[in-house]
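Chemist: Take the given structure of chain L and dock chain U to it, following the hints.
Going down the list, the sequences are from chains L and U. For the first sequence, counting from 1, position 150 maps to 658 in the numbering used here; every step adds exactly one. For the second sequence, counting from 1, position 61 maps to 569 in the numbering used here; every step adds exactly one.
Hint data in this document are derived by calculation from the structure and do not stem from the laboratory. What you are looking at is a predicted structure, and each value in this text was computed from that prediction instead of being measured. Check each hint, because a few of them may be wrong.
Pairs involving identical chains hold if they fit within one copy or between any two copies, as the list cannot separate such chains.
Derived EDC-like pairs (lysine to aspartate or glutamate); straight-line CA-CA distance at most 20 Å [claimed, not checked]:
1) LYS645 to ASP603
2) LYS567 to ASP528
3) LYS644 to ASP555
4) LYS644 to ASP655
5) LYS641 to ASP586
6) LYS567 to ASP713
7) LYS645 to ASP656
8) LYS595 to GLU725
9) LYS641 to ASP713
10) LYS570 to ASP663
11) LYS595 to ASP713
12) LYS644 to ASP713
There are 2 protein chains.
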Amino acid sequence: MAELVKSPARPEALRRRIPDAAVTRLPVYLQILNKSITDGVSQVSSDQLAALAGLNAAKVRKDLSYLGSYGTRGVGYDVAYLVYQIKRELGLLNDWKVVVVGAGNLGNALTNYSGFSSRGFVVSSVVDIDVAKVGKKVGGIIVRHVDDLKSIVNDDNVTIGLIATPPASAQCAAELLVAAGIKSILNFAAIGLTMPNDVSVRSVDFGMELQILGYYEQLHRPVVCQ
Amino acid sequence: MAELVKSPARPEALRRRIPDAAVTRLPVYLQILNKSITDGVSQVSSDQLAALAGLNAAKVRKDLSYLGSYGTRGVGYDVAYLVYQIKRELGLLNDWKVVVVGAGNLGNALTNYSGFSSRGFVVSSVVDIDVAKVGKKVGGIIVRHVDDLKSIVNDDNVTIGLIATPPASAQCAAELLVAAGIKSILNFAAIGLTMPNDVSVRSVDFGMELQILGYYEQLHRPVVCQ
Numbered sequence: 509m510a511e512l513v514k515s516p517a518r519p520e521a522l523r524r525r526i527p528d529a530a531v532t533r534l535p536v537y538l539q540i541l542n543k544s545i546t547d548g549v550s551q552v553s554s555d556q557l558a559a560l561a562g563l564n565a566a567k568v569r570k571d572l573s574y575l576g577s578y579g580t581r582g583v584g585y586d587v588a589y590l591v592y593q594i595k596r597e598l599g600l601l602n603d604w605k606v607v608v609v610g611a612g613n614l615g616n617a618l619t620n621y622s623g624f625s626s627r628g629f630v631v632s633s634v635v636d637i638d639v640a641k642v643g644k645k646v647g648g649i650i651v652r653h654v655d656d657l658k659s660i661v662n663d664d665n666v667t668i669g670l671i672a673t674p675p676a677s678a679q680c681a682a683e684l685l686v687a688a689g690i691k692s693i694l695n696f697a698a699i700g701l702t703m704p705n706d707v708s709v710r711s712v713d714f715g716m717e718l719q720i721l722g723y724y725e726q727l728h729r730p731v732v733c734q
Numbered sequence: 509m510a511e512l513v514k515s516p517a518r519p520e521a522l523r524r525r526i527p528d529a530a531v532t533r534l535p536v537y538l539q540i541l542n543k544s545i546t547d548g549v550s551q552v553s554s555d556q557l558a559a560l561a562g563l564n565a566a567k568v569r570k571d572l573s574y575l576g577s578y579g580t581r582g583v584g585y586d587v588a589y590l591v592y593q594i595k596r597e598l599g600l601l602n603d604w605k606v607v608v609v610g611a612g613n614l615g616n617a618l619t620n621y622s623g624f625s626s627r628g629f630v631v632s633s634v635v636d637i638d639v640a641k642v643g644k645k646v647g648g649i650i651v652r653h654v655d656d657l658k659s660i661v662n663d664d665n666v667t668i669g670l671i672a673t674p675p676a677s678a679q680c681a682a683e684l685l686v687a688a689g690i691k692s693i694l695n696f697a698a699i700g701l702t703m704p705n706d707v708s709v710r711s712v713d714f715g716m717e718l719q720i721l722g723y724y725e726q727l728h729r730p731v732v733c734q
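Next up, chain L with everything else stripped away, as it sits in the complex (with noise of 0.2 Å):
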């Protein structure tokens, strides 16, 4: 009889990865099972959730596929597993805690923004580079100075941060980020960073929006001969 044996952990570089354009759509399928439960929906089909994420059937069970999961013909997916699965591939059954460098206008917004918490992140500290800010509060937090960077990160095991500093200090500020240990970096101000291949950057450009928006706006008005 063959021993049990304890599985080995799968080496990182063996691990399935889902494709970046894939990964994009998780947060969104989560979203609309997390509505499906609270609707008291127990089942679900990749036809009804292709409509209501305006993707098409065959891509949705593509991208579940991913997680390993492929539904039952004739009765769909488990809502409640999806999401469980969904949340354990984007790494959301325990919160992350994140750190928001830059105290103004948007820092502050930032740190107040209901979307964080619901979605397991807990702004737990925010920094500053003008002393002016430090000590004062925001969203409840007390603004600490940038030099602290490093044992705010250590001590309190923040693993993503947020730059909302003016576009000018954001390089800066990712390397510090960087430099005090974190690898995911989630950019505010209007401009790119380079950044390390191990470190994974997002960039919320609210600029670029509107320039989708200004596409089809623009289609709304009567077209002009070229």
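Modeler: Showing chain U alone in chain L's frame:
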């Protein structure tokens, strides 16, 4: 000899419509191309553009073909003309006027956001429902009451509305914008909006961006057996 006739404006329904996914990439190309111009680069190949945008070259060529740009084999695309074409398609040859609903921290940050004006969007008005905020200045703009939305939109020729309210007020804010004649909305509140089909809504959801980062952050961690 055939008479020269002025070609009639194409009816909107016949206008070539660019697929939504391609529209979202146009601002990315534009940012890269603007930087190329700053760097003194006048020609760019689809391979180069693809590498900078993190896409494959075939997709870049397909996207640019919607603009009527096909490049020249061995030479590539003329950067300045491509910038013009993308700006034309996104409606950026003229400035757009924007109204911000919500004069809190987020509204304040958006009004001061440097990434808007540099991209052809001018925040021309800020409104709030709180009479205590009306008359105060936000980013150099005097806050007006939300009841004035209709006259602001008409008098100032505002075409885009930004929602920077708390989530509970966002749907109401959106309906007031639509009632005032706005057809393009950028929503910063962490909640979905239900809007008529002829209104374009884009939602900037900071929480979803963090969830995507969570996936990559988790890749840096040791894998735990399930």
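Chemist: State for each hint whether it applies.
Modeler: Hint by hint, here is what the structure shows:
1. Neither within a single protomer nor between protomers do LYS645 and ASP603 lie at most 20 Å apart by alpha-carbon distance, with minima of 23 Å and 38 Å respectively.
2. For the homomeric pair LYS567 and ASP528, the shortest alpha-carbon distances inside one copy (14 Å) and between copies (16 Å) are both at most 20 Å.
3. In this assembly of identical chains, LYS644 and ASP555 lie within 20 Å of each other by CA distance neither inside one copy nor across copies; the values are 51 Å within and 49 Å between.
4. Taking identical chains as interchangeable, the C-alpha atoms of LYS644 and ASP655 lie at most 20 Å apart only when both belong to the same chain, with a minimum of 16 Å there against 35 Å between chains.
5. Taking the shortest alpha-carbon separations for LYS641 and ASP586, neither the intra-copy value of 49 Å nor the inter-copy value of 47 Å comes in at or below 20 Å.
6. Neither within a single protomer nor between protomers do LYS567 and ASP713 lie at most 20 Å apart by alpha-carbon distance, with minima of 26 Å and 22 Å respectively.
7. Taking the closest pair of Cα atoms, LYS645 and ASP656 come within 20 Å of each other only inside a single copy of the chain (16 Å); across copies the shortest separation is 34 Å, beyond that limit.
8. Taking the closest pair of Cα atoms, LYS595 and GLU725 come within 20 Å of each other only across two copies (13 Å); inside a single copy the shortest separation is 36 Å, beyond that limit.
9. For a Cα distance limit of 20 Å, the shortest separation of LYS641 from ASP713 qualifies neither inside one copy, at 25 Å, nor across copies, at 27 Å.
10. For the identical chains of this complex, LYS570 and ASP663 are neighbours neither inside a copy (40 Å) nor across copies (49 Å), given an alpha-carbon limit of 20 Å.
11. Taking the closest pair of Cα atoms, LYS595 and ASP713 come within 20 Å of each other only across two copies (17 Å); inside a single copy the shortest separation is 25 Å, beyond that limit.
12. Proximity of LYS644 and ASP713 under a CA criterion of 20 Å is satisfied in neither setting, with 28 Å inside one chain copy and 27 Å between copies.
Consistency note: the structure conflicts with the earlier hints numbered 1, 3, 5, 6, 9, 10, 12.
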